[in-house]
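K.L.:
Line by line, the protein sequences are chains Z and B.
Note that this note's numbering gives residue 361 to position 361 of the first sequence, counting from 1, and the numbers run on in steps of one.
Note that this note's numbering gives residue 316 to position 316 of the second sequence, counting from 1, and the numbers run on in steps of one.
Among the hints, erroneous ones may be present.
It does not matter which identical chain is used: a pair holds within one copy or between any two.
What the hints assert, rightly or not - The calculated lysine-lysine pairs, modelled on DSS-like cross-linking and capped at a C-alpha distance of 30 Å, are: (1) 437 / 21; (2) 237 / 360; (3) 391 / 360; (4) 21 / 211.
These aren't lab readings, by the way, just hints derived from the structure by calculation.
Given next are the chains, with one letter for each unit.
2 protein chains.
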Amino acid sequence: MIDRVLVSIDTHRDASLEGLKAFLRIPSVSTHPPHKPDVLRCAEFVAAEMRRIGLRQVEVTPTTGHPIVYGEWLDAPGKPTVLMYGHYDVQPPEPLDLWDSGPFDPTVRGDNLYARGATDDKGQVWLHLKALDAHLTQTGRLPVNVKLLIEGEEEIGSPHLDAYVRANQDRLRADVVLISDTTMFDYDQPSICYGLRGLVYMEIEVQGPSKDLHSGGFGGSVANPVQALAEILTALKDPDGRITIPGFYDDVQPLTPEERAALAALPFDEDAYRTRLGVSALAGETGYSTLERIWARPTLEVNGILGGFTGEGSKTIIPSRGMAKVSMRLVPDQTPDRIAALFEEHVTRLAPPTVTVTVKRHSSGKPVLTPTDQSAVQAAAHALERGFGKKPVFIREGGSIPVVATFREVLGLPTVLMGFGLPDCDAHAPNEKFNLKNFYRGMVSAAWFYEELGKSSDK
Amino acid sequence: MIDRVLVSIDTHRDASLEGLKAFLRIPSVSTHPPHKPDVLRCAEFVAAEMRRIGLRQVEVTPTTGHPIVYGEWLDAPGKPTVLMYGHYDVQPPEPLDLWDSGPFDPTVRGDNLYARGATDDKGQVWLHLKALDAHLTQTGRLPVNVKLLIEGEEEIGSPHLDAYVRANQDRLRADVVLISDTTMFDYDQPSICYGLRGLVYMEIEVQGPSKDLHSGGFGGSVANPVQALAEILTALKDPDGRITIPGFYDDVQPLTPEERAALAALPFDEDAYRTRLGVSALAGETGYSTLERIWARPTLEVNGILGGFTGEGSKTIIPSRGMAKVSMRLVPDQTPDRIAALFEEHVTRLAPPTVTVTVKRHSSGKPVLTPTDQSAVQAAAHALERGFGKKPVFIREGGSIPVVATFREVLGLPTVLMGFGLPDCDAHAPNEKFNLKNFYRGMVSAAWFYEELGKSSDK
C-alpha cells in the first residue's frame, strides 16, 4: 500500500508545488489589521483543501482575531490518533526592498522556493496535506486517526488558541501531537527536536526629569535616565555572560553529561555559523558550547532600546526617559511567571533613587522538553530515515512554540517536533525560502510517519 | 534723547511682539535638511528687518550650509563699535505631541510667549533690533557704531561661522562683542554671564551581527550590540559621577576658593530647582555644589540611544546594531580636539572584540571665561540696573556658545554676555517660552546698553 502512496507523491510533485504556490500567494499577515480579509481567505483555502482530500467535520472557527481551521479523519478504530498542529498565518514581509522577488509571488530559484511563509509554516503544513492526500487517494483510508488544527495567529503569539483548546478538549483528544514548524540540523540531516526554550518578554522604562533638558544648562546636576538604563542593563549580566538576577538559575535543569556528549557529537561547524551571522567572534556564557548556549541555557537579550534624540546630527539634551525591551529565553523548569517576578524585583532594586523605573511584561511562553522514548518518536525516527536515507539526530531549538506547553497541560499530550526548515531558511526575514528537495523528502517522511505510527502499539 | 527712545519702546510693545511672532512662525530648523528653504527665508526676514530699521551694507551671505546675515551702522565716529552676534536658526521641535500649542504658531499664555526659538535666540535677537529701531527712529542715529552678525547654524555647531569670521576680519573689526543668548539667574535678577562651558558631541555605533537575528534561534551565542553599548556607556562614569576617560580632567582649571565662595553666596534655591526639573533628587559629581556642577565642572551625557525593535509590543530579535549620541561639556582649559581624541581612544579600548565599534564626532566648541573688568561690562551692568531696577549678578552658564572663543582668537575681542532667558524657558525642549516682561525689560536694557557704551571712554 505505502508503495502506491510513495509513487503517487512522486508523480504529483509539480501539482503539489503549484498548490503550495497558490497557498503562498495569499498574504495572510496576521499582525497587520488591513490583511484581515486575506487571513480569512487563507483559512478558507486551507479548509477547502481539507475537504477536497477527504477530511471530515472541516470547520473554520472564528475568533475575535483570526479563525482556527479544524478537520479530521477518524475511521481507523484501534489505531492511534495524531493531532497535527500548524499555522497558516505569516510574519510581515517588510523590509520589502530586501526581497529579490515578491514575498507573495512564490518564485523558484535553484533548489529553493522563495516566498513569505515558504517554510514558516505554509510549506510544512502543505506537505502534510499532500501526504494525507496521497494516502487517501491511493488507499481510500489513512493508517491512523488524524485531527488537523491549523491556526492563523501563531505569529502574534496565539492569543486565542489556548481558549479554543480548553473549550474543545473532547474534540482534540488524541495520543500525540505532531508539529512540523522547526528546523533540521543541516540540509541532509533529518532531525527530531525534543526541546524548546520558553520566553518572557519585558519592557523597562526609566523616567528622569519631567521633560527633556538642555544638556548644557542642566548637565551634571541631574541623573540621566538613559545612563541609568544603560547601568541597569549592564548590571543584568556579569563578565562571564551569566545573568545576575538572584534566583534566575534556581529551576534550570542542568545538562546531563550524556546530553552534553550527544550535543558535542553533532557535526556543528562553528566557523560556518559565525560567518553566517557576520561576526568576528561568537560570545556567550562561559563554560558552555555554542549549541548548549542556544538550545539548553537561558539567555537575556536586549531586543530594543530608545531614548532621547536619535535623528541625524546632534541635539544637546538630557532625555526625559529611556526604554528598553528585554526578553529572556527559558529552559526547563523555569517558569515565565517566576522569572518575570524575579526580573521585576531585581530591576527595581538596581534602579537608583534619582530616577523612576517601571517594568512591564509582554508575551511569554513555557519551555518544554518532550520525552524521546515514546512510540510516536520512534515512528518519526523511522519515517525520517525512510524519507532522507539517513538516521535523524536529536536536537533542541532555541526558539519557542508556546502551544506545546498548552497541549501538555490541557490535553496531557506529548508533542513530536519533526521539522523540515533549515537554519538559513530566513523565516521572519527577507527572502524566506523552502528547500524544494526537503519539501519533497518531508512529504515522503510525513507519509511514512502516518504509516509507521499505524503499525505501533500506542493506543 | 534716551527718554524718547524709551517712550517709543513702550508705545510699540504690541508691534514688537507681532514682529517677533512673524519671526517665530518661520520654522528655521537648521539640523533638518527639508527645512533648508525655511532657514533661507528666515535669513531674508532678518535682513529685511535690518534694512527697514536703517542698517546699511545688509547682506545675506550663503554658505554651503545656511546663510549668515550681516548689517551695520557706523556713523558714530570716535565711539566704540559693538559687534552684536545672535542666531536665527532653532532647535528641532520634536517631540511634537508634548507642545500645548504649535511650535511655529507663537502663542501668548499668561506672561509668556510660547514658540520654538522664543528665547533661543529669536526673541533676544529681536529685542536688540527693536532697541536699535527705537534709537534710529527717535534720534536718527545710534550712540555707538554697531555691526550685527546673525547666523543660521548655531544649533548645529556653527560649522561655517569660523571661516566667515576669518575671511571678514576687517569688516568685523570692533571693540567688543555683545551676545544675548544666555539666561538670567532668576526672573527678577538681571545677570551678566562670564563663563561658558565648551562642548564636544560624539556618536558611538556598535555593529553586531550583519542583520537582526531571531533571539530564540541565536540568543546566547553572539554578542548583543545594544548590551555592548550599554556596557560601554556604563564604563564611562564611576560611582562618584566622575568621568573615567584617562586624562579627561588634566586641563580642568580648579575652582578658586574665592569663586566657590561667590557661587555659594548666590541665592540659589535647590529645592525649587529640583522641583522644576521634576525629579525626586538631584545627582552629580561628588564634592561639588549644583551650581558648580552645571557651571564649572565638565560633564558627560547620553543625548540619545537607539537600537533594535522599539515599536509597540514585542519582537524577538537580537539587534544588528546600536547607536548612542554622547556629548561632553568642557571647562577651561579643556579643548574639544583633545577630549574627542581621548574619548575615541577610551571607547575603542572599552569595546569588546565581539562587536565593531565606530566613533564619530559631531559639533564642538571651546569653553571660555570672559574678563569682567572692562568698560563694556560696566555699561552692561548699568544698562541692566536701568532696565530691571536691580543690580546684576555675575554668573556662569553650563551651555556653550563656541563662537565666543572664535571672536577672542580671531578678532581679539572680549564678549559681554547679557542674556534675558530664564532657567525654565525650555530652550531645546517642548513649550519653549519667553517671559514677555523680560522681553520688554531686555529691550529697554539693550537700548540703555548702547547709550551707556556711547558714554564710555573705550575706543
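K.L.:
Return the numbers of the hints above that this structure violates; sort them in rising order.
P.N.:
3
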